[in-house]
Amino acid sequence: MQALLDDPMVQAGVAPFLVALVLGRTLASTRLAWLAIGAAVAVAFAMSTGIGFTPLSASRKIMLLVLLAPLLGVAIDLSSLTHRLLAPALALLSGLATLWVFQSVLAQREAADAWILGGGVALFVAVLVHLCLRLRDDGVAAGAATVGLGLAVGVAAILSASLGNMMNGIALAVAGAALMLLQLLRGSALVPGFTGMLTVGVAAALFAAATFVLAELRWHALLALLPVPLVAAAPLYANRSPRVRVVLLGLTCVLVAVPTILAAWLATRFPAS
Amino acid sequence: MKRRLALTLAALPLIAAAAPENFTLDPTHTYPSFTVEHWGLSMMHGRFDKSSGKFSFDRAAKTGSTELTIDTASITTGDNVKGNRPQSRDDHLRSGDFFNVKEFPTMSFKSTKVNFGAELPASVEGNLTLLGVTKPMTLTFERFKCGQNPFNKKDRCGGNAVGKFKRSDFGMKYAIPGVGDEIALNIEFEGDKD
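Protein chains in written order, with this note's numbering: chain Y, 11 to 283; chain G, 761 to 954.
In isolation and in its complexed conformation, chain Y is listed as follows:
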C-alpha cells in the first residue's frame, strides 16, 4: 500500500483525479464545484513533498498562494462581489505576489537583471491569471484550458529538470479532466467562478514561473502558454451541444498546449551556451 502511495503517478495523477471527481460531483449542485481543483492540487502537494511552509522558500510560497487562491475565490463568489476591475485587480495582485515569491532569487542578481527577470515573470503571471479569469463563467472553456495548461506546464517541467513542477502540472491537468468528465456525463457545464479560475490561473502561472526561474524552462515556452486560455475563450464550437463541446474544446486546448512542450523539448536539444 505504501509503495502505491509513493508512486509519482498515483501522487500526481490518480489521487488528484479521484479527489477532483468526487468533490466536483459532491458540490456539482452548488457554486463551489471547482473547489475540486484546489483540493486536487493540495492532495498532490501532500502526497509528494508534504504541506509545510518553513522555511518559506520560493516553492513553499507558491504552495501557500495556490492553497489560498481557492479560499479567496470562494469568498468573492459567495459575496457576489462584482466589479469590472475585480479580475484585472486580482491579476495585478498575482503579479505582485510573484515578486514576493522569487524575492530571494532576485536579491542575488544585479539590479538591472533582477528588474528584468522579476518584471517579466510578474507580467507573465498577471497576464495568464487575467486570461484565466476571463473564463470564469464558462465551465467547458475553463475545463479545457485547465487541462491544456496543466499538461503544458507538467510536460515542459519534466523537460526542464523539474519533476516537482511536472507533478504539480499533471495534478492540475487531471483535475481539469475530472471536471470535464463530470460536465460530459451531466451534459451541462459547471460554472467555475473565481473559485475555479483564480486557482487555475495562479497555479498554472506560478508552476510555470518556478520552472523558468528555478529550473531550465526558457522564456519563450512561458509565452507559448498564453494562447491556451485565449483559444479556450474563442467562440469555437459555440453551436455544438455541451457534450460535443467538452470533447472538441478539450482536444483543441491539448493541441494548443503542444507549442509549450515543443519549446521545452527544443531547449533540451539546443541548450543555451
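Among the hints, erroneous ones may be present.
Claimed, not checked - Covered stretches of chain G (in silico footprint by chain Y; criterion: 3 or more residues with CB under 8 Å from a CB of chain Y, positions within the stretch not fixed):
| id | region |
| --- | --- |
| 1 | 801-814 |
| 2 | 859-868 |
| 3 | 885-893 |
As the list claims (entries may be wrong) - Derived SDA-like pairs (lysine to any residue); straight-line CA-CA distance at most 20 Å:
| id | chain 1 | residue 1 | chain 2 | residue 2 |
| --- | --- | --- | --- | --- |
| 4 | G | Lys926 | Y | Pro65 |
| 5 | G | Lys814 | G | Lys862 |
| 6 | G | Lys926 | Y | Ala121 |
| 7 | G | Lys933 | Y | Ala121 |
| 8 | G | Lys926 | G | Asn844 |
| 9 | G | Lys862 | Y | Trp229 |
| 10 | G | Lys905 | G | Asp786 |
| 11 | G | Lys862 | Y | Ala121 |
| 12 | G | Lys895 | Y | Pro65 |
| 13 | G | Lys862 | Y | Ala13 |
| 14 | G | Lys933 | Y | Ala13 |
| 15 | G | Lys895 | G | Val861 |
| 16 | G | Lys862 | Y | Trp125 |
| 17 | G | Lys926 | Y | Met19 |
| 18 | G | Lys862 | Y | Arg196 |
| 19 | G | Lys933 | Y | Thr64 |
| 20 | G | Lys862 | Y | Ala117 |
| 21 | G | Lys924 | G | Thr872 |
| 22 | G | Lys814 | G | Leu945 |
| 23 | Y | Lys71 | G | Lys862 |
| 24 | G | Lys870 | G | Pro896 |
| 25 | G | Lys873 | G | Val922 |
| 26 | G | Lys926 | G | Thr894 |
| 27 | G | Lys933 | G | Thr784 |
| 28 | G | Lys873 | G | Lys933 |
| 29 | G | Lys862 | Y | Ala124 |
| 30 | G | Lys895 | Y | Thr64 |
| 31 | G | Lys933 | Y | Met19 |
| 32 | G | Lys924 | G | His798 |
| 33 | G | Lys933 | Y | Gln12 |
| 34 | G | Lys926 | Y | Ile61 |
| 35 | G | Lys870 | G | Lys895 |
| 36 | G | Lys873 | G | Thr829 |
| 37 | G | Lys814 | G | Glu902 |
Bear in mind the hints are in silico, worked out from the structure with no lab data behind them. Note that beta-carbon positions come from the ideal geometry of N, C-alpha and C, so glycine has one too.
Starting from the structure of chain Y, add chain G where the hints point.
Just chain G now, kept in the frame of chain Y:
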C-alpha cells in the same frame, strides 16, 4: 623583580603553546562528498567541487572552530550530460526539487564546539545550514593529521570528517524513499596554517 622575570620567562613556552593555530582550507584538496541510497539497491556517490572555509584549534586549551561553505551548484554525481534524456541527474539535483541552487547557492557548516582526543580534534559539533534551514550536526574526524607542506614549508593539517543527516529535516523531501532520506557526508580536507 628577578623572581618575577624568571617566572615570566618560564611561562613563555606555555603561553606560546596556548596560542590557537589558524588554517585556511585548501579548496583544491578539500572535497565534501556524500552517499545516498538509491531505490534500496545501491549507494549513489556525489561530490561538491567548490568549497571554502577555515579551521583553527588550540592544542593546549583544547578548543577550536571551523567554518565550511559549499557551493551547491558545484554538485556532481558523474551524470552531467543529458544526451537524449530531458535532463541529466546533476541538472535535476541543482533544481528546486533538490538543492535549489538558484535560490540557495550555498550550504554551510559552522562549529559550536570542538572535542579533542589525546592531542588533536576528534569531533566537531556545529550547525549545518541547507536550503535555509539550520540544524545541529556532529562531524567525527576519522583522520586528523598535521605535517608540513613540502612546497611552501608551511604547517599543514588535514584528514576527513564524517557525519549523517536526514535531508527531509531541511525540507528536501522529493523522491523519498526511492532516493534515501539519510545522507552520509564525508569531508576530506587539507589546509595550510595562516
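How the hints compare with the structure:
1. 801-814: violated (count 0)
2. 859-868: With 5 residues closer than 8 Å to chain Y, the region 859-868 of chain G meets the three-residue bar; holds.
3. 885-893: With 3 residues close enough to chain Y, the hint holds.
4. Lys926/G with Pro65/Y: holds, 16 Å
5. Lys814/G with Lys862/G: Cα-Cα ~25 Å, so violated.
6. Lys926/G with Ala121/Y: Outside the cut-off at roughly 36 Å; violated.
7. Lys933/G with Ala121/Y: Given pair lysine 933/G, alanine 121/Y is violated - Cα atoms ~32 Å apart, limit 20 Å.
8. Lys926/G with Asn844/G: Violated, because 32 Å separates the two Cα atoms, which is more than 20 Å.
9. Lys862/G with Trp229/Y: holds, 16 Å
10. Lys905/G with Asp786/G: holds, 15 Å
11. Lys862/G with Ala121/Y: holds, 16 Å
12. Lys895/G with Pro65/Y: holds, 12 Å
13. Lys862/G with Ala13/Y: Violated: lysine 862/G and alanine 13/Y sit about 32 Å apart, past 20 Å.
14. Lys933/G with Ala13/Y: holds, 16 Å
15. Lys895/G with Val861/G: Given pair lysine 895/G, valine 861/G holds - Cα atoms ~19 Å apart, limit 20 Å.
16. Lys862/G with Trp125/Y: holds, 16 Å
17. Lys926/G with Met19/Y: The given pair, whose Cα atoms are some 25 Å apart, is violated under the 20 Å limit.
18. Lys862/G with Arg196/Y: violated, 46 Å
19. Lys933/G with Thr64/Y: holds, 13 Å
20. Lys862/G with Ala117/Y: Holds, at roughly 11 Å.
21. Lys924/G with Thr872/G: holds, 17 Å
22. Lys814/G with Leu945/G: holds, 18 Å
23. Lys71/Y with Lys862/G: Holds, because 15 Å separates the two Cα atoms, which is no more than 20 Å.
24. Lys870/G with Pro896/G: Holds, at roughly 10 Å.
25. Lys873/G with Val922/G: Given that 20 Å is the threshold and the Cα spacing comes to 16 Å, the pair holds.
26. Lys926/G with Thr894/G: Holds - the C-alpha atoms of threonine 894/G and lysine 926/G are around 12 Å apart, at most 20 Å.
27. Lys933/G with Thr784/G: violated, 34 Å
28. Lys873/G with Lys933/G: violated, 29 Å
29. Lys862/G with Ala124/Y: holds, 13 Å
30. Lys895/G with Thr64/Y: Answer holds: lysine 895/G to threonine 64/Y is near 13 Å, not above 20 Å.
31. Lys933/G with Met19/Y: Given pair lysine 933/G, methionine 19/Y holds - Cα atoms ~17 Å apart, limit 20 Å.
32. Lys924/G with His798/G: Between lysine 924/G and histidine 798/G the Cα gap is close to 16 Å, so the pair holds against 20 Å.
33. Lys933/G with Gln12/Y: holds, 16 Å
34. Lys926/G with Ile61/Y: The given pair, whose Cα atoms are some 18 Å apart, holds under the 20 Å limit.
35. Lys870/G with Lys895/G: holds, 11 Å
36. Lys873/G with Thr829/G: holds, 17 Å
37. Lys814/G with Glu902/G: holds, 18 Å
When held up to the earlier numbered hints, the structure conflicts with 1, 5, 6, 7, 8, 13, 17, 18, 27, 28 and fits the remainder.
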